[in-house]
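Using the hints provided, position chain R relative to the given structure of chain D.
From first to last, the protein sequence lines are chains D and R.
Take my numbering: the last position of the first sequence gets the number 246, and nothing is skipped along the way.
Take my numbering: the last position of the second sequence gets the number 752, and nothing is skipped along the way.
Because the hints were derived from the structure by calculation, they are not lab data.
Please read all numbers here as calculations on a predicted model, not as lab measurements.
Cβ coordinates follow ideal geometry from the N, Cα and C atoms, glycine included.
Don't take every hint at face value.
What the hints assert, rightly or not - Interface residues of chain R toward chain D, partial, derived using beta-carbon atoms under 8 Å: (1) A61; (2) A373; (3) T376; (4) T383; (5) M663; (6) T665; (7) Q667; (8) M702; (9) R706; (10) I746.
Unchecked claim - Mimicking DSBU-like on lysine-lysine, the simulated pairs with C-alpha atoms at most 30 Å apart in a straight line are: (11) R:K380 / D:K176; (12) D:K56 / R:K371; (13) R:K280 / D:K176; (14) R:K653 / D:K34; (15) R:K271 / R:K287; (16) R:K653 / R:K280; (17) D:K39 / D:K176; (18) R:K653 / D:K30; (19) D:K190 / R:K371; (20) R:K395 / R:K380.
What the hints assert, rightly or not - To list a few chain D residues with every Cβ distance to chain R over 12 Å, as calculated: (21) Q22; (22) S44; (23) L153; (24) S155.
Residues per chain, in single letters:
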Amino acid sequence: MILLFAIFKEGDLITMEILNVQNLCKTYGKGEAKVDALKNVSFSLEKGEFAAVIGKSGSGKSTLLNCIGALDTPTSGSITVDGQDLFSMEEEQRTIFRRRNIGFIFQSFQLVAELNVEQNIMFPFLLDYRRPDPDAIDEMLELLGLGDRRSHLPSQLSGGQQQRVAIGRALITDPKLILADEPTGNLDSKNSQDVMDLLRQASRRYHQTILMITHNENLAASADRIFRVADGLLTDLKGKGNETLS
Amino acid sequence: MTVFCIALSVFLVTVIFGMAEMAIRSQQYQEIKKHGNWHVIFSDIDRETGTIIQSRPEVAASSWYAYVKEETGFSINGKPIRIAGIDGNAYASMFENELVEGGFPKSDHEIVLSESAKSILNVKLGDVITIDGMGENFTISGFAAASANEMRYDRISALLSIEAFRRYVSSEDYTEQLIVQLSAFCNMQKVIANLTRTFSLNKKQVAQNGNLLAVLGQSDNGFVIQLYGSALVLFLLVLTASVLMIAGSLNSNVMQRTEFFGMLRCIGATKKQIMRLVHKEGLHWCKSAIPAGLFGGIVVVWILCAALKWISPEYFSEMPVFRVSGISIVCGIAIGILTVRLAAQSPAKKAANVSPLTAVSGNAYQSQSVKTAAKTQILKIDTALGVYHATANRKNFILMTGSFAISIVLFLAFSPAINFMGHAINAVEPYAPDVSIISADNSLSVPQKLAEQFEDLDFVKRVYGRMFAYDIPTKENRQINMISYEEHQFKWANENLIEGAAEAVFSEENAVLAVYNSDYSLHTGDKIILNVDGMTQELNVVGVLSKSPFTNTPGVANIICTEDLFQQLWGEAQYTIIDLQFRRGTTDEEAGVIRQMAGSEFSFSDRRQSNQQAVGVYYSYALFLYGFLVIIALITVFHIINSVGMSVSARIKQYGAMRAVGMSTRQLIRMVTAEAAVYSLAGSAAGCLIGLPIHRYLFEHMVTGRWGEPWNIPVVNLILIVSVVILTAIIAVRGPSRRIQNMSIIDTISEQ
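Next up, chain D with everything else stripped away, as it sits in the complex:
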């Protein structure tokens, strides 16, 4: 048991459960207009796992991600991140937990237009009224390939660069879980590939647990695990995505 709380070094065997979703249901509307967006969804992710959720538009994959990220409230079921039940917390407490333990990457980047690259990356720290280690910021900027863009505003960056800033912001707090909602949806193929490389690198090098939503099955192929959502039901496709999908 003590091993679960040990600090793992790169390449160590990871057996710690980061995300646990049990019997998650989400229903919209009432009566005849009732829609079951998620039906009894249950799954879990171990530390360092890179999972992809695929599904058609309207299948419920974004609803799943929003519930896991505590942006939306499930109708029933439970979600624990690093052993903490998200919905047993007060709103303020949940926000702080999310800020420190869950990194978000959105399709439309959601950078703060008034902050430069460096400030956007350290935004979660600033919200905690803390200053990150300058070396960590430098390292992150180098990793993202944005060393020469640190003082640029989001409006002065390309889409790919903006998404890299968003990834930097998600990684900087070393969160327990990274949720990526169609991270390449607004990017061309070159930039999409770069973003995917970054996510894979984060998973391999830093043992980040990543749950990514995409409708692009080829991108999902590079994930460790693949889930398919259809009509609110989640199917675990297990194994390497490319094997299953082929």
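Same frame as chain D, but now just chain R:
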């Protein structure tokens, strides 16, 4: 919010014009009550000319009219009287409310007396009196309301029919005049000018009832024009503020629906159609906002009229309470429609210019262009972003700061008028007496014992006497008037103290207070050396008053001292005047008791009516001035609430994104608060910087120049308006805070 803004502007304009109309009506009633409902008097004209004038179609009523003053020699029981004669029908139509008891003389031996005669002569209806100098007996057929002047100077007037007047008064003592009431529907100035020209009359022969014509809007005197002019200025002020508020609201409304307009353009709507849609939407809001504003305005006018009637029942007795002003309704509706039409112009254009591509590309929401990054080194991130939001766009910052500042500037610029009013209309000062017993020859002859006797009466609230010594020469060959005060008067005087200390008159030897006089300037520490019959006496000025109840004679200083000092200088003396203040509800009979106690040796002055009139005038002005200030404050309040609300609306999607990446609700609220705080602080600073010099300039011109009161920083006014601005900014954050708390992060993000 938009509906509320429209309703607010309609409400304000309805109240402004409603009160202006009520004020004019009240003035009309007052003028008719004071001077009669006649419009022009022709003097020195022959009977034939008079008959032609009387037969003109524009003449509604007319009569030959004559009067003689007290000096002519007619009296009743030794009391000199003035007598007038007029035709009964003309009197009924021109002085209809004047008779308070009985009727107009039906025969040559009947007479109407002013009401003051009841207590002065102790007479009643039906009594027979003899007019000395005429040698005729008359039966009292009625009593007419006494004017404020008659009451104050204890005069009696008598009214006879014109026939009786001609019969009993020698024609050498008077000249007859033709008094004319014109039709309300004619152009009175034109008719008067026409008559003057036709009969080659000069200016002296034609006397107009200027005040009445002014309040009827029938003269060159701009009373009505001034009043409606002021209302128009307020109308424009409200219009500007409302257009700004509603335009902001509409703009944000349009911004939030850019995709919708893009979609409309996609499916074939023309630019014109979209503009019409936005305009129609605005007008649709008017449907509920205008009636709500009108109703609120009418009710508030009723409440204000009722309040004025309650404050000064005598003066505002004729003011209608439940009356609906047509002009206020028309102006209310006009401002409602006008603001929406004007305010919708720019948003409608913006909506019409939305590219059809916007709907397809989904780039509906573009955050404002950002040129530099926020400074997060010193301030916390939430505060830093709030400050940045407020200051990043220079044009927006200047506009917002300016709109906050303009309210403060207006408030400060207008407040010297309150000080001016406080000085100019002094009959409502606490020392104003209800009645006074005055020495007939201004000598020290009213017994001090009388004051003690008055104090024992239940209905008497306060008694205070004064001793006067006039035109005392000083060593510098100047003159002073010395006036003694007792403790009540010193207490009141203390409120007008601009230098020194009033209490020093009791503790220091030969200490006096000087009243500010621009021709004879005295200051604390100055010495006045009196030169009385070769004897010198030194007086020490220990304080200066900005004003006193006494007239300032040029070059003669009014000096206030204690009764002890006065008697020390002038020997055991009696009062020159005793003033009395009554308790509320004191009757005329009770006032008569004072007259009887004082006896006929002294003059009796009943100032209750003139005080009431002054109170009325004061409250009319006060209502107008404070009303204006309240309107400025209200506009400030709603403008700030609206501006902060609009600013949040414009950024609500950005806030959603910030929440998604971990910003808490509390931090978001702190951010909005910081933004509002920057506007209000910068606005307050700018407002004070611009407003204070204006306040000083106006104060020095309106108040210091006349009454010597030096300008001081108006701390109370500043605290008041800056508190209004800051408090409103705090309140303004509450609405957006609630919206932020209830905001769905997912909906906000997914819209982008």
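Structure-based check of each hint:
Against a cut-off of 8 Å between C-beta atoms, the interface hint on R:A61 is violated, since the closest Cβ of chain D lies about 77 Å away. The closest approach between the C-beta of R:A373 and any C-beta of chain D is roughly 4 Å, which is under the 8 Å cut-off, so the hint is satisfied. This hint holds: R:T376 has a C-beta 6 Å from the nearest C-beta of chain D, less than the 8 Å allowed. About 10 Å separates the beta-carbon of R:T383 from the nearest beta-carbon of chain D, more than 8 Å, and the hint is not met.
Because the smallest distance between the Cβ of R:M663 and any Cβ of chain D comes to about 6 Å, under 8 Å, the interface hint for this residue holds. With 8 Å as the threshold, the beta carbon of R:T665 comes within range of chain D, its nearest partner Cβ sitting at about 7 Å, so the hint holds. Interface hint at R:Q667: satisfied, since its Cβ lies 6 Å from the closest Cβ of chain D, which is below the 8 Å cut-off. For R:M702, the shortest C-beta to C-beta distance to chain D is roughly 48 Å, which exceeds 8 Å, and the interface hint is violated.
With a cut of 8 Å, the hint placing R:R706 at the interface with chain D is violated, because the nearest CB-to-CB distance is about 54 Å. Using the Cβ-Cβ criterion of 8 Å, the hint placing R:I746 at the interface with chain D is satisfied: the shortest such distance is roughly 5 Å. For the suggested pair R:K380 and D:K176, the alpha carbons sit about 26 Å apart, so the restraint of at most 30 Å is met. Only pairs whose Cα atoms come within 30 Å are accepted, and D:K56 paired with R:K371 is rejected, the gap being roughly 40 Å.
Under the criterion of a C-alpha separation no larger than 30 Å, the hint pairing R:K280 with D:K176 is inconsistent with the structure, at around 53 Å. For a cut-off of 30 Å, the pair hint linking R:K653 to D:K34 stands: about 27 Å separates their Cα positions. Taking the CA atoms of R:K271 and R:K287, the gap is about 25 Å. The hint holds against a cut of 30 Å. The suggested pairing of R:K653 with R:K280 holds, with an alpha-carbon distance near 27 Å, which does not exceed 30 Å.
Pair hint D:K39 plus D:K176 holds up; C-alpha atoms about 26 Å apart against a cutoff of 30 Å. With a C-alpha separation of about 27 Å, the suggested pair R:K653 and D:K30 falls inside the 30 Å cut-off, and the hint holds. For the suggested pair D:K190 and R:K371, the alpha carbons sit about 29 Å apart, so the restraint of at most 30 Å is met. For the hint pairing R:K395 with R:K380, the CA-to-CA distance comes to about 25 Å; that is within 30 Å, so the pair holds.
Non-interface call for D:Q22 relative to chain R: holds, since the shortest CB-CB distance, roughly 22 Å, exceeds 12 Å. Residue-level check passed: D:S44 sits 24 Å from the nearest beta carbon of chain R, beyond 12 Å. The claim that D:L153 is not at the interface with chain R is violated, since a C-beta of that chain comes within 12 Å of its own (minimum 6 Å). Non-interface status of D:S155 relative to chain R is broken: a Cβ of that chain comes within 12 Å, the nearest being about 6 Å off.
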